[in-house]
Each structure stands twice: as C-alpha cells, then as structure tokens.
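Fit chain V to the given chain S structure using the hints.
Protein chains: 2
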Amino acid sequence: MAKEKEFVKEITPQGEDFSKWYIEVITKAQLMDYSPVRGCIVFRPDGFELWEACQRELDQRFKATGHRNAYFPLFIPESFFEKEKEHIEGFNPELPWVTQVGDDKLEERLAVRPTSETIIGHMYSQWIQSYRDLPLLLNQWANVVRWEKRTLPFIRTSEFLWQEGHTAHATAQEAQEETLRMLDVYTEFMEEVLSVPVIRGQKTPSEKFPGAVATYSIEAMMRDGKAIQAGTSHNLGQNFASSFKIEFLDKDNERKLAYTTSWGMSTRILGALIMVHGDDRGLQLPPRIAPTQMMVIPIGPAKMREHVVPAAHELVATLRQVGYRVGIDDREDVSPGWKFNEYEMRGIPLRIELGPRDLAADQVVVVRRDTGEKILVPVQELVERVRELLDVIQRSLFDRARAFREEHSSPVETMEALQERVREARGFALAGWCGDEACEAAVKEQTGATSRNIPFDPPVHQKTCVHCQKPATHTVWFGRAY
Amino acid sequence: MAKEKEFVKEITPQGEDFSKWYIEVITKAQLMDYSPVRGCIVFRPDGFELWEACQRELDQRFKATGHRNAYFPLFIPESFFEKEKEHIEGFNPELPWVTQVGDDKLEERLAVRPTSETIIGHMYSQWIQSYRDLPLLLNQWANVVRWEKRTLPFIRTSEFLWQEGHTAHATAQEAQEETLRMLDVYTEFMEEVLSVPVIRGQKTPSEKFPGAVATYSIEAMMRDGKAIQAGTSHNLGQNFASSFKIEFLDKDNERKLAYTTSWGMSTRILGALIMVHGDDRGLQLPPRIAPTQMMVIPIGPAKMREHVVPAAHELVATLRQVGYRVGIDDREDVSPGWKFNEYEMRGIPLRIELGPRDLAADQVVVVRRDTGEKILVPVQELVERVRELLDVIQRSLFDRARAFREEHSSPVETMEALQERVREARGFALAGWCGDEACEAAVKEQTGATSRNIPFDPPVHQKTCVHCQKPATHTVWFGRAY
Numbered sequence: 001m002a003k004e005k006e007f008v009k010e011i012t013p014q015g016e017d018f019s020k021w022y023i024e025v026i027t028k029a030q031l032m033d034y035s036p037v038r039g040c041i042v043f044r045p046d047g048f049e050l051w052e053a054c055q056r057e058l059d060q061r062f063k064a065t066g067h068r069n070a071y072f073p074l075f076i077p078e079s080f081f082e083k084e085k086e087h088i089e090g091f092n093p094e095l096p097w098v099t100q101v102g103d104d105k106l107e108e109r110l111a112v113r114p115t116s117e118t119i120i121g122h123m124y125s126q127w128i129q130s131y132r133d134l135p136l137l138l139n140q141w142a143n144v145v146r147w148e149k150r151t152l153p154f155i156r157t158s159e160f161l162w163q164e165g166h167t168a169h170a171t172a173q174e175a176q177e178e179t180l181r182m183l184d185v186y187t188e189f190m191e192e193v194l195s196v197p198v199i200r201g202q203k204t205p206s207e208k209f210p211g212a213v214a215t216y217s218i219e220a221m222m223r224d225g226k227a228i229q230a231g232t233s234h235n236l237g238q239n240f241a242s243s244f245k246i247e248f249l250d251k252d253n254e255r256k257l258a259y260t261t262s263w264g265m266s267t268r269i270l271g272a273l274i275m276v277h278g279d280d281r282g283l284q285l286p287p288r289i290a291p292t293q294m295m296v297i298p299i300g301p302a303k304m305r306e307h308v309v310p311a312a313h314e315l316v317a318t319l320r321q322v323g324y325r326v327g328i329d330d331r332e333d334v335s336p337g338w339k340f341n342e343y344e345m346r347g348i349p350l351r352i353e354l355g356p357r358d359l360a361a362d363q364v365v366v367v368r369r370d371t372g373e374k375i376l377v378p379v380q381e382l383v384e385r386v387r388e389l390l391d392v393i394q395r396s397l398f399d400r401a402r403a404f405r406e407e408h409s410s411p412v413e414t415m416e417a418l419q420e421r422v423r424e425a426r427g428f429a430l431a432g433w434c435g436d437e438a439c440e441a442a443v444k445e446q447t448g449a450t451s452r453n454i455p456f457d458p459p460v461h462q463k464t465c466v467h468c469q470k471p472a473t474h475t476v477w478f479g480r481a482y
Numbered sequence: 001m002a003k004e005k006e007f008v009k010e011i012t013p014q015g016e017d018f019s020k021w022y023i024e025v026i027t028k029a030q031l032m033d034y035s036p037v038r039g040c041i042v043f044r045p046d047g048f049e050l051w052e053a054c055q056r057e058l059d060q061r062f063k064a065t066g067h068r069n070a071y072f073p074l075f076i077p078e079s080f081f082e083k084e085k086e087h088i089e090g091f092n093p094e095l096p097w098v099t100q101v102g103d104d105k106l107e108e109r110l111a112v113r114p115t116s117e118t119i120i121g122h123m124y125s126q127w128i129q130s131y132r133d134l135p136l137l138l139n140q141w142a143n144v145v146r147w148e149k150r151t152l153p154f155i156r157t158s159e160f161l162w163q164e165g166h167t168a169h170a171t172a173q174e175a176q177e178e179t180l181r182m183l184d185v186y187t188e189f190m191e192e193v194l195s196v197p198v199i200r201g202q203k204t205p206s207e208k209f210p211g212a213v214a215t216y217s218i219e220a221m222m223r224d225g226k227a228i229q230a231g232t233s234h235n236l237g238q239n240f241a242s243s244f245k246i247e248f249l250d251k252d253n254e255r256k257l258a259y260t261t262s263w264g265m266s267t268r269i270l271g272a273l274i275m276v277h278g279d280d281r282g283l284q285l286p287p288r289i290a291p292t293q294m295m296v297i298p299i300g301p302a303k304m305r306e307h308v309v310p311a312a313h314e315l316v317a318t319l320r321q322v323g324y325r326v327g328i329d330d331r332e333d334v335s336p337g338w339k340f341n342e343y344e345m346r347g348i349p350l351r352i353e354l355g356p357r358d359l360a361a362d363q364v365v366v367v368r369r370d371t372g373e374k375i376l377v378p379v380q381e382l383v384e385r386v387r388e389l390l391d392v393i394q395r396s397l398f399d400r401a402r403a404f405r406e407e408h409s410s411p412v413e414t415m416e417a418l419q420e421r422v423r424e425a426r427g428f429a430l431a432g433w434c435g436d437e438a439c440e441a442a443v444k445e446q447t448g449a450t451s452r453n454i455p456f457d458p459p460v461h462q463k464t465c466v467h468c469q470k471p472a473t474h475t476v477w478f479g480r481a482y
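Chains as they are written, first to last, in my numbering: chain S, 1 to 482; chain V, 1 to 482.
If we strip away everything but chain S, and leave its shape as in the complex, we get (with noise of 0.2 Å):
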C-alpha cells in the first residue's frame, strides 16, 4: 500500500494545479515528449495510438457521407496567400518561410502551409470545369504549422496533425448543408466516440476563419473550466472561388462560381479527451477509443503463478475473440499494486484481476476505472458483463463530462456576474450582445474570456448585451479559451 499511495502522490492533484497536473499526466503516459523544435512534440506510441484511433472513427465517417481522400503540397507558394487578402492577414504572422534550398535561394518564397484553402482552391479551378464536376467532396490528412506564440502539447503546437476537408458546390445552399452536416458529424464523433459534451454553434464576426462567411464550432469544457474548440466547420461562400476562379458551367449555360467549404478538426483534440475525462489518478479513456480496453492482471503468491497466468491467458484469448482490445501483464517483477496504479494512470477503462481463489471459484474480479467499483463476475458471463460495463462507462463519462459543465455554467446579465463566472467560479458564461465588436473586446479586455459561439440551442436567450445593456442580438456562450 505504502507504493501505491506513494505513486498516487507523484501527480499533482487537478484542483492543485491544472496545468501541471496535464503535463504530468501525458508525460507519465508516454503521450508525448518535448522535440528541440520549438513549440512542436513528439507524438509516442501511446500518444499517437489514440490519434490513429480518432483517425480510423473520423475517416469512416467522411467516407461514408462521400468524401474521398486527397492529398496536396506541404509548401504554398507565396503569390497565392495574397489572392485572399483576409486570409494572408488572418494568417501572415505564424508562417514559417522557405526561403533557400541548399545554397540557391528562391526565387518565390514558400509557405509551409497553415491551412490549404489556396493551394487546393488553385486546383479546384482547373478540375471543376461543369456542373456535373459537381459536388467536389475531398478531405486531406495532413501535418500543417502555425507558428504560435504560447504553445501547449496537443492543444496549441506548432506543427500539429489534421484533416481538413474542402469540398465545392453549385449553390449556396448545397454548401451551407455541408458546412453544418459536417459539424454534426464531428457532433457525433465528440459525444458518442470521445464521450465529449459539446456546445455547437456560431462563430462571431472576429472569431471566425479568415476568409470564411461563416464559421461554426464545437466547444468543449476542460475540467478547470476552460474551453477547447474542438472543431469548426466554414462556410467560405463564393470568396475563395473568386479568389482562385472555380468556375463551373451550370445547366443553364451559364458561367458561375462555386461555394466552397473547409472543415477541420486536429491533434488538438487528443489535449481535449484528457482535459475532459481524467482525474486525480491520471488518464480516463473512454472505451470505445481506447487502444487497450481492459488489463487482465493474474494476481496472488508465486507458487500460484503456473495455475493463475495461463487461466489469465486463457480470458485474453477469448476476450480478443470476441472483438475486445485486452492486454495482459504477468510480470513477475512488479507487483499488482504498481500495476494497478499504472493502468489507472494511463486510462485503461477495466481492469480484470484473476487470483488463486477466483480460479477455484470460477469467476474473476473486473473494476472500473472510472468509479472504482469492484465487481464479481463469473468467467461463463464475463464477455457478456464486459460488453454491458464498457457501455456503461462510456455513457458514464459522458454523463460525468455534462453534468461538469453544466455545473460551472450559467446565464448573466452583468460584466461582474460575467467576470465572476468566468474567472473566480471557472466556467462558461452565457451572455447577451448587441452584436458590437466593441463589446466583445470589452469582455475579453476585463475578463480574459472570449466569445466562444453563438449556440444553436441556448438554454435562455438573453435580452440585453451584458456589457453595453443596449437590446441584445444574440446570446453568446464566453469563457476563457485555450
């Protein structure tokens, strides 16, 4: 016990310090390390297992609603920022420049890209010539770089792993649809995959894609209170295809530009899951993306060990057979009490222990990470109690995640009401705005707190603007942002 309680204490507790208790975690989970390369990490196996994962979830899903994949040039030549001048604004100042091969410098400077709205609109116009080109459904995955100033591991790197799809359309209407159909696909993604609650909504004005009519996100509520975009999906209207002339002949004979979208959603969202499902103990990993479902652990006195290991091997094997990611650890070198601790840390939703008594009984010990409730199960039930606890928890953390949320958000009608929320009660404050940009930048000047999006379902709709009290035009979710 004196170890277990000793490796407990190595974690900073979350109401301690947030900021080092996440460091601590994904560092002591091998989710990532630092690279000599400012502001970019190494992504390890654990780490990048979790991405794949994500990955595998989110391309089935583009794929199944008619996207294929595609893939375009890391380096953006530099002419073609300037086509789209809120763009190159929006973006200029974290544009890592190429601007020498070898010894030979260029003639044209190269972006590494940010984002691929140019490069792509650029081939877009030579492939779309019809309508019958059509809707032009792509999606890319892709490492893209923007030079931040504050970085954080997987929230905010410099270089950072993405999809981003763009796809064309013929009306304005078509692209509306796909701006928001793909919102609600990372919608379902977050909640049902990453058990994520999100809030889904409208971007403002300065808070929107550079060069977009219309952004929409998803936000989600860290366990100090914060908020993470988790994704945003755009509606970029005829800008980028006036831009880069995507003309299409429509069926009418007439000439007429594209509506495009784009839609992105990053490695940025590995820094959610763990900001959103773990505690005091180290990582939470929701089962169904969890690489490693459940840890069978044999436990019990070495003279036991040729009985209990090969049973326990026995339980992986039918475990796996029936679909489920299982791992084993009999180790002899360390106890089950560091083991125990070690899977907890790392965020292994179950845990099946299998001593010398339980053999003899026929059954086996399963505990939950997330309430640490032990339960019996007998062996000729356990694939069947498996299948029921994983969606259990699932749905658990899910439940955990809202009610968080909901617990540390709430409607207001003053700035200091606002500022209290926000800042003293960490949480999101739900807020009227007349619509001024003004007021907005009076928010986030005095409370630090920025517009996150203008919800789609906001539980009350406010009537003034909190900071100018003049009628208010939306109701504005605002929080402190990572």
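Source of the hints: derived by calculation from the structure; they are not laboratory data.
On a predicted model such as this, the values are computed, not experimentally measured, just so you know.
Built from N, CA and C at the ideal position, the CB exists for glycine as well.
Take the hints with a grain of salt, since some may be wrong.
Below, simulated DMTMM-like cross-link-like pairs (lysine to aspartate or glutamate); rule was C-alpha separation at most 25 Å, straight line [unchecked claim]:
#1 Lys105/V with Glu107/S
#2 Lys63/V with Glu49/S
#3 Lys251/S with Glu332/V
#4 Lys303/V with Glu314/V
#5 Lys208/V with Asp103/S
#6 Lys374/S with Glu388/S
#7 Lys63/V with Glu52/S
#8 Lys63/S with Glu49/V
#9 Lys374/V with Asp280/V
#10 Lys149/V with Glu108/S
#11 Lys105/S with Glu82/S
#12 Lys105/V with Glu89/S
#13 Lys105/S with Glu148/V
#14 Lys149/S with Asp103/V
#15 Lys105/S with Glu94/V
Only part of the chain S face toward chain V is listed, based on derived beta-carbon distances under 7 Å [stated by the list, open to error]:
#16 Cys40
#17 Leu74
#18 Pro96
Then chain V, alone, in the frame of chain S:
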C-alpha cells in the same frame, strides 16, 4: 467499335514512347496532377486510394513484427545535421531551409526533413537508458522533402509520402537481423501484394545511405527495362548512436552505444506498380491492391434496363457481402463500349457484364483485364469463380513481370555487352566487379547504368570485373535507373 478504337488511340503505346505512355496513363486515370510547386504533385483520390491500400498492408506487417507508430517534428535544426558529417553531405543540396517566420528571422535555420535519423536519434538518446528499453522499434508515416533536380510523378518528387522505420538494438547482430527482417517484409509485400518481383541485395558503398554501415535494397524492373529501387533497409551500426549519444546501461553494468537501423518505402512504389503492370490499354492493378476489384456493367437495349439493372445491383450486393470491392456503372448516357475501355484503362482486374440474355440464362460474362479472356459463369458459381480468377490474375501478373525481367536480364563479361544490354536491349546486366569505386564510376559514365545491388542469390557468379578485368570480388546487377 469506332469509339473504342478512338479511345485506345489516345494513349501512346509503351513501345513508342514509354515516358509519354506513363504520364498519359497516370493523368487520364486521374491518379495525380501537377501542382504549382516545383516538383510537387497532387495525389488525386484514385491515386491516394492506392497509397492508402499500400499503407494498410504495410502497417499491419510492421505491427505484426513488433513495431509501433510515432510522429516526430517536420523541422530539423541545422545543428542536428552537422552531427553526422556523411549524412549532411549527402542531403545538403536537396534541403529546403526555413529561415524566417512571419517577418522574423530565425536564430537557427530549420531544414524540412528529408529523412528523420537525426531528430529521432536525438529523442532516442533520451528514451534509451537501459538494456530494458531495447529494442526500440518505431515507425513513422510522414511527408518528406528532397529538392530533386529531375522529377517524375510518384517516382521522384520534391515532396513525397513514405514510412520510415527507426530501431535501436543492444547488439550488432540484432540490428543486422532487423535490417534484413524489414527487407523481407518489403519483399513479401512487393511480390505478394503488388505482384512485383524484386531483386534483393546489398548496395555498393557509393550507393549506400549517407551515414549507413550497409544499405540493402529491393530492385524492380519496369517495362522499359529500367530499374526502380522500391525499398531500402539500412544498418546504421553505431554511427548515429555515436553522433547522438544513444547509450544504455547493459546487463553487465557497462555503458554501451546502441546499434540502430532505418528502413523506408515511399509513394514511388506507385510508380513501380504502374510501370511494371501497365500495358497499351492503361493501368493494370493486381487484385489484392486494387481499390475496386471488379466492375459490374449492365448491358443491352434500353427497354430491358428495368430488368437488368436491378439484377446487376443484386450481383453487386452478393459480391460485396463476401468481401469483394465491387463497383457498378449503370449510367444510361455512356455506352458499354466506353465503359469497357474506361475500366480497362483504370486497370480494374475483372469486368462483369450482365445483359438480358445472361439474365435469362442465369449467367454473367466475366472478362479478365490481363488476358481479355471472356468467361461465361453461372450466377450461382460466381462468388467461387471470382475468387479463383482474382487469385489467378494476382499470380499471373507476377509471373508476367518476372518473365519480362528474365528476358531482359543477362550476365555480361564486357563493357560492350553491358552497354548493349542496358541500352539497346533495355534491361539489367549481371557483371563482375573488383570492388574499386573507379570501375563502378566508369560503368556509369560509359553506359548510364548504375549498380543496382549485389544480389543475395545471383543466378551466376562472375569471375572478372566487367571494367578492369581483374578478379571480381562481387557480382553486381547494373541497370539504368529512375
């Protein structure tokens, strides 16, 4: 028939101009497009899908041999390259340098990675402390950049996609075993999945990877007799471990340098796949890698469509249910002849035709892409016959490629014979070599052929050097290479 001929005529025959044939086929099949960035291509969905299929097959083999995926930064600080002299000399002329971000000059230039031994070596030096940390077996799927002077889609592009395995071991023997194990994995993938026969062997010192102790390669012959190096596996000895201080405390309590390996396969294998199997009608894809293994095409007069089309969809459902990748083209505004040509050009292994008479007789016509053979198959036997046919095609593409390679390979004793073999007769020459780099360089200068590799199992052992006629220490395959 007029239309079919016209269509076929559009592709330049291989015998007339192989390079032109290649570019026409990959463009028409929409595998790629040129990008506005010098030497970089766009992977269009049909091309990227081929790469995704290769990735799946390789990834599962890497995991089965104990490797895990990770991800390291795109950028490599200039100082890292300088730690391995041979390495920087090899890559320097091809390196794109990021020198500024936004308007700010960087203190240290960052190279866009051409390969990741240096930055991974740096991380390994931190992760590896004890013999217990070994072997460390990681793989990375990534984009890399080498600013090549002459570029050719897939085969040699400034940016390309690849995987790079990086492993560290306690002993020289383990590192050598790993190096050869991965060459075996590559070989099995190329021969069994892509039906591309390869020659396995060791690179001569002048052709090895900059910084390696030994480089092994697999080499394939294209249908113009030229070589493509399809994959390489490097034993890096203690070179990188020494430069990056990858040290560990061994069981005997001594600090030792690790031994490392690296191995890579890139999107150039798509070029090999196309150039090995394609013919004057277009692509030919081996069934195991083909994203679509068969196309079902309903035929017959318009008035019969209401009977034939639903029956065709039923066939598709039946075939998909047993796991085949099946497409259907039931468009009315395109003739069957056009479709036949289109899917032949795209290299789909089987075509299944269903017309009113077939429907009445409860049969279909199955047409092989490779031989053009038409086979009447009763519907109830279709699943089984398709399985056999796909296996036969998979095998016969391999046999055809191997027979072609054998016809275009021969042992040579003189420079004249070597010149004749690699130029006029277009192929590979097996020659003796004394081990002197000057003789190897003379062959290259006089014939344009480079040493491909020193094969593990040459059909004959040559006794004298093809250039200086002194005793040969090695028997080497020479060929002109892409």
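- With a cut-off of 7 Å, does the beta carbon of Leu74/S approach a beta carbon of chain V closely enough for the hint to hold? Result: holds, 5 Å to nearest chain V Cβ.
- Message: What's the verdict on Lys105/S and Glu148/V, does the C-alpha distance respect the 25 Å limit or exceed it?
- Response: With a Cα-Cα distance of about 15 Å, the restraint between Lys105/S and Glu148/V holds, given a limit of 25 Å.
- Message: Against the 25 Å threshold, does the CA-CA distance of Lys149/V and Glu108/S hold or violate the hint?
- Response: Holds - the C-alpha atoms of Glu108/S and Lys149/V are around 17 Å apart, at most 25 Å.
- Message: So if I understand the rule, the pair passes when the alpha-carbon distance is 25 Å or less; does Lys374/V with Asp280/V pass?
- Response: holds (19 Å)
- Going by Cβ atoms only, is Cys40/S closer than 7 Å to chain V? holds (4 Å)
- Are the Cα positions of Lys374/S and Glu388/S separated by 25 Å at most? holds (15 Å)
- Query: Holds or violated: are the alpha carbons of Lys303/V and Glu314/V at most 25 Å from each other?
  - Reply: holds (19 Å)
- Query: If you draw a straight line from the CA of Lys105/V to the CA of Glu107/S, is it 25 Å or shorter?
  - Reply: Holds, at roughly 18 Å.
- Item | Given hint Glu52/S paired with Lys63/V - CA-CA distance at most 25 Å | Distance ~13 Å between Lys63/V and Glu52/S Cα, so the pair holds.
- Query: Can the restraint linking Lys63/S and Glu49/V be considered satisfied, given a maximum Cα separation of 25 Å?
  - Reply: holds (12 Å)
- Message: Tell me if the straight-line CA distance from Lys105/V to Glu89/S falls inside 25 Å.
- Response: holds (19 Å)
- Query: When the nearest CB of chain V is found for Pro96/S, is that gap smaller than 7 Å?
  - Reply: It holds, given that the least Cβ distance between Pro96/S and chain V is near 4 Å, below 7 Å.
In terms of the numbered hints stated before, the structure departs from none.
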